[in-house]
Amino acid sequence: MPWECGIDGCGERFGTPEDLVVHQSTDHERRECKVCGVVVPDGYLAIRHAFNEHSRAEYVRAYGASSEEVREREEIKDLIEEEADLQTVVERLGGEAVQS
Numbered sequence: 255m256p257w258e259c260g261i262d263g264c265g266e267r268f269g270t271p272e273d274l275v276v277h278q279s280t281d282h283e284r285r286e287c288k289v290c291g292v293v294v295p296d297g298y299l300a301i302r303h304a305f306n307e308h309s310r311a312e313y314v315r316a317y318g319a320s321s322e323e324v325r326e327r328e329e330i331k332d333l334i335e336e337e338a339d340l341q342t343v344v345e346r347l348g349g350e351a352v353q354s
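Note that our numbering has the sequence shown beginning at 255, numbered continuously upward.
Note that these hints are calculated values from the structure, not bench results.
There could be a bad hint or two in this list.
Simulated restraints, written as ranges between beta carbons of each label pair [unchecked claim]:
1) S321 / G269: 30 to 36 angstroms
2) G318 / G348: 30 to 36 angstroms
3) G318 / R284: 28 to 34 angstroms
Computed from a prediction, not measured in an experiment: that's the story for all the values here.
Backbone N, C-alpha and C fix where the C-beta goes; we use that ideal spot for every residue, glycine too.
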């Protein structure tokens, strides 16, 4: 299954979800969370931050997201978390352990 980067129409494809997340974290600009102001890598890690650290209501208010957009991002988050070895991603990025 090819993994495609959806950030700003990038479209680059990867053989593994780990490669995709590393690409998003290193080849795209970081984004400031509109809820709390923390700066995070774009893509999956930004989605993970938003949904693990904030309520859905906070996300909708801050980003003006529709329920469809929220569901789409939740599906992306769930799919990556089902398929990816996030510890490998963390190690490749030089970080600490990811807690589930």
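Evaluated hints:
no.: 1; hint: S321 / G269: 30 to 36 angstroms; result: holds, 32 angstroms
no.: 2; hint: G318 / G348: 30 to 36 angstroms; result: holds, 34 angstroms
no.: 3; hint: G318 / R284: 28 to 34 angstroms; result: violated, 21 angstroms
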